[in-house]
Amino acid sequence: MVTLKQISHSFEDDAGQVNQLFNNLDITFEAGSFTNIIGANGSGKSTLLNIIAGLTIPNQGKVFINQNEVQHLNVDQRSKYVARIFQNPLQGSVAELTVIENMRLASLRNTHKGLKLGINNQFIAMVKQRIAQLDLGLENKIAQKMGTLSGGQRQALTLVMATLCDADVLLMDEPTSALDPKSALSLMDNAAKIIQEKKHTAIMVTHNMREAVNYGNRLLMMKAGKVEKDIAAQEKSTLTHAKLFDWLNEV
Amino acid sequence: MDFYALALLQGLAFVPLALGIFLSAKVFNIPDITTDGSYTLGAAVFAVCMLSNMHPLMASLLVMPAGAAAGAVTGIIHTKLKMNALLAGILVMTALYSVNLLIMERSNIPLLGTPSLFVEISNPDNLLINIAIAGILVTIITSILLWLLKTDFGLAMRAAGSNENMIEANGVNTNRIKMIGLAISNALVALSGCLVTQMQGFADINMGIGIVIAGLASVMMGESVSRRLQRTTLLMPLLMVVTAAVIFRLCIAFILAQGIEQVYVKLFSALLVLLFIGITKINFIKK
Chain A
1 MVTLKQISHS
11 FEDDAGQVNQ
21 LFNNLDITFE
31 AGSFTNIIGA
41 NGSGKSTLLN
51 IIAGLTIPNQ
61 GKVFINQNEV
71 QHLNVDQRSK
81 YVARIFQNPL
91 QGSVAELTVI
101 ENMRLASLRN
111 THKGLKLGIN
121 NQFIAMVKQR
131 IAQLDLGLEN
141 KIAQKMGTLS
151 GGQRQALTLV
161 MATLCDADVL
171 LMDEPTSALD
181 PKSALSLMDN
191 AAKIIQEKKH
201 TAIMVTHNMR
211 EAVNYGNRLL
221 MMKAGKVEKD
231 IAAQEKSTLT
241 HAKLFDWLNE
251 V
Chain B
1 MDFYALALLQ
11 GLAFVPLALG
21 IFLSAKVFNI
31 PDITTDGSYT
41 LGAAVFAVCM
51 LSNMHPLMAS
61 LLVMPAGAAA
71 GAVTGIIHTK
81 LKMNALLAGI
91 LVMTALYSVN
101 LLIMERSNIP
111 LLGTPSLFVE
121 ISNPDNLLIN
131 IAIAGILVTI
141 ITSILLWLLK
151 TDFGLAMRAA
161 GSNENMIEAN
171 GVNTNRIKMI
181 GLAISNALVA
191 LSGCLVTQMQ
201 GFADINMGIG
211 IVIAGLASVM
221 MGESVSRRLQ
231 RTTLLMPLLM
241 VVTAAVIFRL
251 CIAFILAQGI
261 EQVYVKLFSA
271 LLVLLFIGIT
281 KINFIKK
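Protein chains in written order, with this note's numbering: chain A, 1 to 251; chain B, 1 to 287.
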């Protein structure tokens, strides 16, 4: 569960002007829920994710993950609670390392990275099995450098990396925006499956209305740092694209 | 022939330097100029230890924590004070000049006649055995570095140099790991300074000037050759850097053998670097 309490945050734009984005924002994301956040550019969606991940420290307010107060923790310290898939498929993995080496680092997210040669047969078998679940044939490419794979393949592997450890929270910042439609569909199907299986508290920022409607069990519409609409599970299950567009136009 | 054998021996002494710069420049993507100071620091610490009759092996081991400390200081200035890495390195390098003088208490310490890791280095009959000793040392150091870079910690180091976002999201404190990386890098550089001191029989306050260039040349040459060979394993770039460090020294020896005076050596080493980098940048296949 993620709770944001009384979050206020402002930032300075390029012209040096201070803009207030959040003003006493309160939001709770229940454990095991899958929330989509939509809204125009500048509505605060990505900043909200950054505040949860620790990339942005809010001017005021508190962030709780499962009752643990985390706003004083840096990104690396918070990573034991939070796994993340970035918008840019190149950002979530290291191009110069092989797939299996990237997976090894991801598997150690919660723990110390010591002087141990950790990539043994048992680890390789475990990773291959996890990658095979994507059904993209990538389990045969684990010895390749990450940089040799396509954006879609890298993003799919980032999903496996993010969910290799049991983090409570999975943050996805427009995870499919750089992918072709087929790769995007495959990624989202896999993400939904893994989120349900592992019972992550998932929060996804998206501009893709089809994804906003088809996936998740809660939908937040944001505008200028405020939640304009909060659509819960029951209502969301009957939500249509047409209805969503109407709302968006209203907002 | 002995002349080139001697250059080969010197080349082997420069291998830890090249590996150290490989670590800072290629693995961490940090242009670390501390090198010029920590190389001399290695020489200074070794010379002073030898003057107090320490065993040469002990003294050679002791220079590494000294070099590591210098690297760590650069790391702290860069990561904690957020100073540009290049500037942090220059700062520490400048400070090290005084530190090295303080350690040495004069600008030159002759060590002729004192024991070293090598067998009577001044006697040409011992060249082969000394090359073997240096070869074993270099093999050990390269193997340790290769092993380190393959461990979980090594993976985190390699990731930190290439994608900070990813590695922080995976629970690594990038500041800490960069600091450790610079410490290891400068420990290796100091070891080179100490080995060269043992070979030339003296430590000199100015011996480190421009040394970063020699290391960087080896790294760039090694890297581009291993890229051309399209081998992407970790072993290949490391072996290429080791080889390049030796070849660089042989080239300098060749230049000296043409009767060019010692004063021009630095100028020629800079030109050599330019040549190496130039060659690797030229595309030989015309489109």
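Treat the hints as calculated values from the structure; they're not laboratory data.
Careful, some of the hints might be misleading.
In silico PhoX-like cross-links for lysine-lysine, where the CA-CA straight-line distance does not exceed 20 Å [to be verified]:
1) A:K193 x A:K128
2) A:K182 x A:K198
3) A:K5 x A:K62
4) A:K198 x A:K80
5) A:K199 x A:K5
6) A:K62 x A:K226
7) A:K141 x B:K150
8) A:K116 x B:K150
9) A:K145 x B:K82
Reference listing, derived: stretches of chain B covered by chain A, where coverage requires no fewer than 3 residues with Cβ under 8 Å from a Cβ of chain A [to be verified]:
10) 147–154
11) 171–185
12) 197–203
Bear in mind the structure is a predicted one, so any value in this text is a computation, not a measurement.
Don't be surprised by glycine CBs; every beta carbon is placed ideally from N, CA and C.
For each hint, the structure was consulted:
no. : hint            : result
1   : A:K193 x A:K128 : holds, 18 Å
2   : A:K182 x A:K198 : violated, 24 Å
3   : A:K5 x A:K62    : holds, 5 Å
4   : A:K198 x A:K80  : holds, 15 Å
5   : A:K199 x A:K5   : violated, 23 Å
6   : A:K62 x A:K226  : holds, 17 Å
7   : A:K141 x B:K150 : holds, 19 Å
8   : A:K116 x B:K150 : holds, 8 Å
9   : A:K145 x B:K82  : violated, 31 Å
10  : 147–154         : holds (count 6)
11  : 171–185         : holds (count 4)
12  : 197–203         : violated (count 0)
Checked against the numbered hints above, the structure violates hints 2, 5, 9, 12; every other hint is satisfied.
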